[in-house]
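*Asks:* Sequence:
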Amino acid sequence: MSAGGPADSPGFLLWHATLRWQRQITAALAPLGLTHVQFVLLACAWWLGRRGDQPNQQRLARQAGVDVRMASQVIRTLEGKGLLERQVDPADTRARRLRLTPAGVTLAARAVSVVEQVDGGVFGEAAQDLLSALSRMPATSGAGRHAPEVADGTAAARPPRPAAPPRNMCRA
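Take 0 as the starting number for the sequence shown in numbering that gives the first Met the number 0 and just add one per residue.
Certain hints may be false.
To be verified - Here are the in silico distance ranges between beta carbons for each label pair:
no.	residue 1	residue 2	range
1	A6	P89	50 to 58 Å
2	G32	M136	54 to 62 Å
3	G123	P89	42 to 50 Å
The set of hints was computed from the structure by calculation and includes no laboratory data. Built from N, CA and C at the ideal position, the CB exists for glycine as well.
Let the sequences and hints guide you as you build the complete structure.
*Replies:* Printed below as a string of structure tokens:
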């Protein structure tokens, strides 16, 4: 925190903005039967599927920015809900490709719309400035996590980038 106090600390302000945003996202997704992390993985699988990609668990976890083991648990839950299915990868029979079911595609599209409405309410007119500032941040953190890909297959935080960053999580 800066010596001037919390109001002068970008990290502190971002922390509180994130908490407010997460509470609203959680409340908006509850009627759809999704947790926030379920939404993120479902939306990322949907986005990658729309690009013609059938990711494996590691690729989906990397895109979503979550731990592979946690992704595995959430993927099992989504599979149990009939939203996602695993198929043997023809190139590597040990690996499984992930594909949304028709119900998963429908719910993902609906959930992305709901989350975009929340984003609009939370970020309002500051959304474009916030996107610009966040996209200029370094692509890796101390933990070695990499920025997710955007529509053109590049990392979201690699400047300069002619394409606009995704509006929401994994959606281009």
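*Asks:* So which hints don't hold here, by number, going up?
*Replies:* 2
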